[in-house]
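Protein sequence lines correspond, in order, to chains C and A.
Residue 454 in this note's numbering sits at position 454 of the first sequence, and the numbers go up by one each step.
Residue 18 in this note's numbering sits at position 18 of the second sequence, and the numbers go up by one each step.
Simulated from the structure, these hints should not be mistaken for laboratory data.
As the structure is a prediction and not an experimental result, all values here were calculated from the model.
One should not assume that every hint holds.
Said to hold, decoys possible - For the chain C half of the interface with chain A, some residues (derived, Cβ under 8 Å), not all of them:
id, residue
1, Leu277
2, Val320
3, Ile322
4, Val327
5, Ala330
6, Asn578
What the hints assert, rightly or not - Sample of chain C residues facing chain A (criterion: CB under 10 Å; computed from the structure):
id, residue
7, Gly237
8, Ser284
9, Leu292
10, Met312
11, Leu315
12, Tyr329
13, Trp331
14, Gly368
15, Leu370
16, Gln579
What the hints assert, rightly or not - Pair ranges (Cβ atoms, derived):
id, chain 1, residue 1, chain 2, residue 2, range
17, A, Thr9, C, Arg559, 53 to 61 Å
18, A, Gly103, C, Asp604, 18 to 26 Å
19, A, Glu104, C, Asp391, 38 to 46 Å
20, A, Asn87, C, Ile2, 53 to 61 Å
21, C, Pro546, A, Lys3, 53 to 61 Å
22, A, Lys3, C, Ser33, 36 to 44 Å
23, C, Asp538, A, Asn87, 41 to 49 Å
24, C, Arg158, A, Asp158, 56 to 64 Å
25, C, Arg639, A, Ser73, 28 to 36 Å
26, A, His47, C, Met544, 27 to 35 Å
27, A, Glu159, C, Asp379, 16 to 24 Å
28, C, Asp604, A, Glu171, 51 to 59 Å
29, A, Lys175, C, Arg158, 38 to 46 Å
Cβ atoms here follow ideal geometry from the backbone N, Cα and C, with glycine treated the same way.
The residues making up each chain are set out below.
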Amino acid sequence: MIPEIGHYALILALCVALVQGILPIYGAAVGNSSLMSVAAPAARSLFFLVLIAFGCLAYAFAEKDFSVLYVAATSNSQLPLHYRLAAIWGAHEGSLLLWTFILTIWMFAVTLFSSHLPETMRSRILGVMGLVSVGFLLFMLSVSNPFERLIPAAAEGRDLNPLLQDPGMVLHPPMLYMGYVGFSVAFAFALAALLGGNLDAAWARWSRPWTTVAWCFLTVGIALGSWWAYYELGWGGWWFWDPVENASFMPWLAGTALIHSLAVTDKRGGFKVWTVLLAIMAFSLSLLGTFLVRSGVLTSVHAFATDPKRGMFILAFLAVVIGGSLVLYAWRAPRVGLGGGFATVSREGLLLANNVLLVTAAASVLLGTLYPLFMDALDLGKISVGPPYFDSVFAPLITPALFLMGIGPLAQWKKASLPDLGKRLRWAFGVSIVTALVLPIVLGEWTPLLSLGILLAVWIFATAVVSVRERIAHGDGGSVVARLAGVPRAYWGMLLAHCGIAVFVVGVTMVKGFETEKDVRMNVGETATIGDYTFRFDGVRDVMGPNYVAAQGAFHVSRDGREAAVLHPEKRRYTATNQIMTEAAIDTGLVRDLYVSLGEPLDDGAWSVRLYHKPFVDWIWGGCLIMALGGVLAVSDRRYRLSWRREPQTVPVGAQLAGRQMA
Amino acid sequence: MNKFLLPLTIFGIMLGFLAVGLTLNPREIPSPLVGKAAPVFSLPQLHEQDKVFSPDDMKGQVWLLNFWASWCSGCRTEHPVLMDLANSGLVPIYGVDYKDQRGEALAWLDEWGNPYPIVAVDAAGRVGIDYGVYGVPETYVIDKQGLIRYKQIGPLDDETVEKKILPLVKELQAK
Chain C
1 MIPEIGHYAL ILALCVALVQ GILPIYGAAV GNSSLMSVAA PAARSLFFLV
51 LIAFGCLAYA FAEKDFSVLY VAATSNSQLP LHYRLAAIWG AHEGSLLLWT
101 FILTIWMFAV TLFSSHLPET MRSRILGVMG LVSVGFLLFM LSVSNPFERL
151 IPAAAEGRDL NPLLQDPGMV LHPPMLYMGY VGFSVAFAFA LAALLGGNLD
201 AAWARWSRPW TTVAWCFLTV GIALGSWWAY YELGWGGWWF WDPVENASFM
251 PWLAGTALIH SLAVTDKRGG FKVWTVLLAI MAFSLSLLGT FLVRSGVLTS
301 VHAFATDPKR GMFILAFLAV VIGGSLVLYA WRAPRVGLGG GFATVSREGL
351 LLANNVLLVT AAASVLLGTL YPLFMDALDL GKISVGPPYF DSVFAPLITP
401 ALFLMGIGPL AQWKKASLPD LGKRLRWAFG VSIVTALVLP IVLGEWTPLL
451 SLGILLAVWI FATAVVSVRE RIAHGDGGSV VARLAGVPRA YWGMLLAHCG
501 IAVFVVGVTM VKGFETEKDV RMNVGETATI GDYTFRFDGV RDVMGPNYVA
551 AQGAFHVSRD GREAAVLHPE KRRYTATNQI MTEAAIDTGL VRDLYVSLGE
601 PLDDGAWSVR LYHKPFVDWI WGGCLIMALG GVLAVSDRRY RLSWRREPQT
651 VPVGAQLAGR QMA
Chain A
1 MNKFLLPLTI FGIMLGFLAV GLTLNPREIP SPLVGKAAPV FSLPQLHEQD
51 KVFSPDDMKG QVWLLNFWAS WCSGCRTEHP VLMDLANSGL VPIYGVDYKD
101 QRGEALAWLD EWGNPYPIVA VDAAGRVGID YGVYGVPETY VIDKQGLIRY
151 KQIGPLDDET VEKKILPLVK ELQAK
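All chains, full assembly: derive it from the sequences and hints.
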């Protein structure tokens with residue numbers, strides 16, 4: 001009964017989504033205010049209907065209802081409750097439901113925080129989001145129904161893929177989807193602006209916080225995924241350029257470019273056409289990511305679902321949504337006109353350069369991801385594109401972008417003077433160069449890449465310091481504290497996000513430069529040494545988990561004779577699927593991780609063991625968190641809070657708009 | 001060309017490739033072994049442990065070699081197809097029980113039926129390495145001279161059997 005209610009809620013949701021997608025957009029076109037007023041209530045009811053469906057599926061999982069095919073396929077009676085609930089997004093159908101649910105959450109948020117928008121704009125935005133949700137609801141109801149019954153019911157479920165039975169995996173997909181789907185708001189804003197023909201600074205200002213919030217979620221989502229791969233896959237890597245990782249990274253790159261482009265459109269009225277295109281691109285790449293993962297068009301460890309019917313549906317959906325929006329772009333964008341002019345050396349110029357680099361990087365990732373498919377489609381053979389391609393293409397594109405990142409915030413709008421910038425930045429440059437040359441030698445090894453990484457990281461920190469110092473020197477008000485307090489949060493957010501990048505660069509550089517690993521055969525009582533650390537193997541014992549049995553090893557790690565950590569890596573066998581999983585044990589530290597994973601048991605109690613010493617590896621994810629915090633700080637800026645609180649009644653929409661345009 | 005049409009054009013081209021890509025099978029990996037002699041092995045049999053099985057025993061016949069395991073869900077999917085094929089008597093299917101436990105393998109065959117005249121046991125997966133097994137199930141068509149003629153990665157289905165395996169087997173048997 002409960003699953004049928006969920007199914008029925010989805011059918012109703014489809015009807016509501018159709019209404020929401022058609023009436024308000026039509027109403028906005030003909031100026032019918034009663035049709036436009038349908039948008040917000042429709043969006044809210046859509047949210048509640050999908051919430052009901054989501055709750056029904058959650059209930060089926062919680063109650064172990066194995067008469068629901070999806071529940072039987074992705075969970076098991078031995079699976080603990082929190083993983084049963086996480087199993088909702090453990091496979092294809094539920095992932096789609098989560099996607100749709102998150103889309104309606106964003107819609108609901110738009111209805112709450114859009115009272116200051118002109119009614120036509122607001123109804124177009126919600127209309128576009130409604131149309132996107134139509135696609136996903138249709139997809140679920142036609143070929144991916146999560147509520148499909150299994151009659152007769154299975155006695156026992158097949159269990160969730162053990163790889164996914166992990167706290168990181170519980171959080172990773174919702175975060176990632178919040179990011180992916182969050183770009184639908186910026187996308188809807190862009191299409192609404194194209195439809196209405198009002199691509200102005202106000203449009204950019206409204207889009208900015210939405211885009212930034214989505215970007216923060218995506219950043220955290222990708223970081224979680226990378227962290228999960230690091231400790232769960234058992235070989236200590238944190239990024240593999242796997243097609244599915246790339247699928248999440250491309251929207252991130254486009255979204256990062258979008259954030260910067262929106263800043264220019266907001267502050268200077270420039271880059272309008274470019275910003276619209278980036279908004280379309282960011283969401284299109286999110287949809288493409290979904291397609292790549294869900295259609296099985298590329299082989300990958302992630303492609304749980306391989307079904308050509310589904311693939312065709314998503315492809316048609318992509319054609320309609322992306323193709324449609326690009327047609328709209330080709331039709332309306334030529335009339336938008338350009339913003340104010342600017343010199344090559346100016347903040348606009350630097351941001352444009354950064355944008356071009358980011359988009360080129362995204363394009364190169366896209367090319368590398370799809371290249372095997374292209375070759376196969378043209379019958380030129382099967383090839384695979386691996387990390388060497390991505391490393392050698394990506395690094396040269398991102399290096400200048402990181403360098404420009406230091407200069408951008410210090411350059412004036414419209415026209416900056418190169419000699420003046422050189423003067424202001426000379427000590428930052430000097431410090432970076434000297435550190436880059438000396439630090440690696442102090443650390444014991446000098447390589448060009450190590451030096452380059454340190455140069456970029458120090459450069460970003462140093463220019464941030466210069467920027468803060470200048471802010472304080474030129475700020476209004478008396479004391480330094482008062483001047484600091486006067487600096488807007490958006491500025492601090494920007495700075496913090498940039499420093500997050502620097503922290504990330506430190507992590508990557510140090511791990512690549514100094515990590516050590518050892519594959520050894522260890523008997524009980526034997527020791528192995530990597531770096532300054534000595535690992536002693538104290539044997540394995542059997543432990544029982546809720547749905548697995550494991551051999552748990554014990555390793556005592558000491559440094560200079562003092563005990564540093566005790567690590568318990570496991571080799572688990574999940575009983576329902578009989579799958580073997582390696583659970584690495586990690587001792588996390590600010591400047592290093594110690595990482596042990598059990599290989600295979602050998603004769604007489606010995607094991608093959610893999611040991612890693614990874615300096616600064618946690619800075620990689622720490623940097624991502626700092627970036628996301630920077631985004632949060634920027635969104636909490638006063639200017640956005642003011643615009644959200646403003647009641648529409650106090651200032652008529654027309655006057656508000658006119659005032660903004662004059663300003 | 002109008003620069004505003006450029007994104008649409010690029011997207012159109014990509015869409016075309018994706019559409020073609022959907023019709024292709026990314027799992028279909030050409031095996032370097034096709035056309036080469038089947039690697040030689042000699043493994044104990046599952047049912048009669050004191051006997052061994054070797055591809056040399058099969059010289060002069062066209063036969064299928066199927067890698068499977070009781071823990072593999074794809075093998076369960078494929079199993080009815082193998083049963084039908086075995087019952088048709090068109091071509092013998094020999095099994096290799098790959099990285100499996102003897103008791104579980106026997107129980108599995110008892111429960112679902114045994115399409116194999118002989119099952120060889122590759123507990124350590126060494127023979128699997130020689131054959132380049134990516135994952136079970138995998139099936140090889142081997143001709144009268146002992147050359148591998150076709151490799152199927154993943155479960156066999158009725159369509160593949162009808163359109164690929166059986167025509168190839170008939171052609172090879174006629175030689």
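Against the structure, the hints:
With 8 Å as the threshold, the beta carbon of Leu277 (chain C) comes within range of chain A, its nearest partner Cβ sitting at about 6 Å, so the hint holds. The interface hint given for Val320 (chain C) is broken, as the beta carbon of that residue sits about 11 Å from the closest beta carbon of chain A, more than 8 Å. Hint status for Ile322 (chain C): holds, given a least beta-carbon distance of 6 Å to chain A, under 8 Å. This hint holds: Val327 (chain C) has a C-beta 6 Å from the nearest C-beta of chain A, less than the 8 Å allowed.
The closest approach between the C-beta of Ala330 (chain C) and any C-beta of chain A is roughly 4 Å, which is under the 8 Å cut-off, so the hint is satisfied. Annotation: Asn578 (chain C) was flagged as interfacial toward chain A, and the flag holds, the nearest CB pair being 4 Å apart, inside 8 Å. For the restraint placing Gly237 (chain C) at the interface with chain A, the shortest Cβ-Cβ distance is roughly 21 Å, beyond the 10 Å limit, so the hint is violated. Checking Ser284 (chain C) against chain A by beta carbon gives a least distance of about 8 Å; that is within 10 Å, so the hint holds.
Proximity of Leu292 (chain C) to chain A holds as hinted, the smallest CB-CB distance being about 9 Å (cut-off 10 Å). The interface hint given for Met312 (chain C) is met, as the beta carbon of that residue sits about 6 Å from the closest beta carbon of chain A, less than 10 Å. Checking Leu315 (chain C) against chain A by beta carbon gives a least distance of about 6 Å; that is within 10 Å, so the hint holds. With 10 Å as the threshold, the beta carbon of Tyr329 (chain C) comes within range of chain A, its nearest partner Cβ sitting at about 7 Å, so the hint holds.
With a least beta-carbon distance of about 8 Å to chain A, the hint placing Trp331 (chain C) at the interface is held under the 10 Å criterion. For Gly368 (chain C), the suggested interface contact is broken, since its CB lies about 14 Å from the closest CB of chain A, more than 10 Å. Hint status for Leu370 (chain C) relative to chain A: holds, with the closest Cβ pair at about 7 Å, below 10 Å. With a least beta-carbon distance of about 8 Å to chain A, the hint placing Gln579 (chain C) at the interface is held under the 10 Å criterion.
At about 60 Å, the CB distance of Thr9 (chain A) to Arg559 (chain C) agrees with the hint of 53 to 61 Å. Distance hint check for Gly103 (chain A) and Asp604 (chain C): the Cβ-Cβ separation is about 24 Å, which falls inside the suggested range of 18 to 26 Å. For the pair Glu104 (chain A) and Asp391 (chain C), the supplied restraint of 38 to 46 Å holds, since their beta-carbon distance comes to about 43 Å. Look at Asn87 (chain A) against Ile2 (chain C): about 43 Å separates their beta carbons, and that is not inside 53 to 61 Å.
Distance hint check: the CB atoms of Pro546 (chain C) and Lys3 (chain A) are about 59 Å apart, consistent with the given range 53 to 61 Å. In this structure the hint that Lys3 (chain A) and Ser33 (chain C) lie 36 to 44 Å apart at CB holds, the actual value being about 37 Å. The hinted window of 41 to 49 Å between Asp538 (chain C) and Asn87 (chain A) is violated, with their beta carbons roughly 55 Å apart. Distance hint check: the CB atoms of Arg158 (chain C) and Asp158 (chain A) are about 23 Å apart, inconsistent with the given range 56 to 64 Å.
Distance hint check: the CB atoms of Arg639 (chain C) and Ser73 (chain A) are about 56 Å apart, inconsistent with the given range 28 to 36 Å. Taken as a hint, the range 27 to 35 Å holds for the pair His47 (chain A) and Met544 (chain C), whose Cβ atoms sit roughly 34 Å apart. Separated by about 21 Å at the C-beta atoms, Glu159 (chain A) and Asp379 (chain C) satisfy the suggested range of 16 to 24 Å. Distance hint for Asp604 (chain C) and Glu171 (chain A): a CB-CB separation of about 53 Å, consistent with the stated range 51 to 59 Å.
Lys175 (chain A) and Arg158 (chain C) have their C-beta atoms about 44 Å apart, which keeps the hinted 38 to 46 Å range intact.
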